[in-house]
Amino acid sequence: MSHPENLKFAFQPVIKTDDGTIYGYEALMRPEPYTPMEVITEYARLNRLNFIEEITTYYGAKQFLENGLEGKLFLNSFPAAYISDEMMEKIHELVQSRLKEKLVLEILEYTEFSEKAHNRKTLHFKQSKTGEEIAIDDYGCGKNKDEDCIDFYKPDIVKIDYKIIHNIDSDLANQKKLLDICTYLEKKGIKILAEGVETKEEYEYLKNYPVKLMQGWYFGKPRIFSK
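Numbering (my numbering), first residue to last: 271 to 497.
There may be inaccurate statements among the hints.
In silico SDA-like pairs for lysine to any residue, Cα to Cα no more than 20 Å straight-line [to be verified]: (1) K457 <-> N478; (2) K446 <-> R493; (3) K286 <-> R493; (4) K332 <-> N320; (5) K477 <-> R493.
Ranges between beta-carbon positions, derived for each pair [said to hold, decoys possible]: (6) L364 <-> K446: 30 to 38 Å; (7) H436 <-> E308: 41 to 49 Å; (8) Y488 <-> A443: 17 to 25 Å.
Calculated directly from the structure, the hints in this document are not laboratory data. The beta carbon of each residue, even a glycine, is placed where N, CA and C say it ideally should be.
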């Protein structure tokens, strides 16, 4: 991976279902010439996911601000990783006031829980008074027990995995899964985001559900901005 200062992030819009306006953007690491998963796998092997967590948080936020993007910033976060006190000080200086009430820590569901890491990172952000929200990514992907994720993280937002959303307008089995998920999450007062929306048919069908937010190629591909 190149030097962190040269690391690029692509930003994909998250839209509000009711009016199609921008709710925010997800920052997606683009560590050329490698794929994000290649970098994550290697740093996980070296037990250095904390480093990836740090540079994703700092440089993702930095580029979001530099490009003047609107709405909330969704930052991917590893459950078992946390940010050092030294890097957190740099992040505090960067995001304080400018990202107040705009940060969403997006927990990647496919890795293990860590109460110590989660408590540490949320404590850091609470100290900076940024008013961050918690989101669960890849909900329904089958890698972890979804209800356990809800009980552990008590998220504000849940992103339903694209495997359930793909062809949702015609896939009867996934329609039943989606209905059960929405019923469960609505009772808990959790905001529902459908990810991987790629067609008008999927979009129109999802509007019949209590899906407040959507994300996918139908609304815009991840984009690296010029600045």
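Now for the hints, and whether the structure bears them out:
no.	hint	result
1	K457 <-> N478	holds (17 Å)
2	K446 <-> R493	violated (33 Å)
3	K286 <-> R493	holds (19 Å)
4	K332 <-> N320	holds (18 Å)
5	K477 <-> R493	violated (25 Å)
6	L364 <-> K446: 30 to 38 Å	violated (44 Å)
7	H436 <-> E308: 41 to 49 Å	violated (24 Å)
8	Y488 <-> A443: 17 to 25 Å	holds (22 Å)
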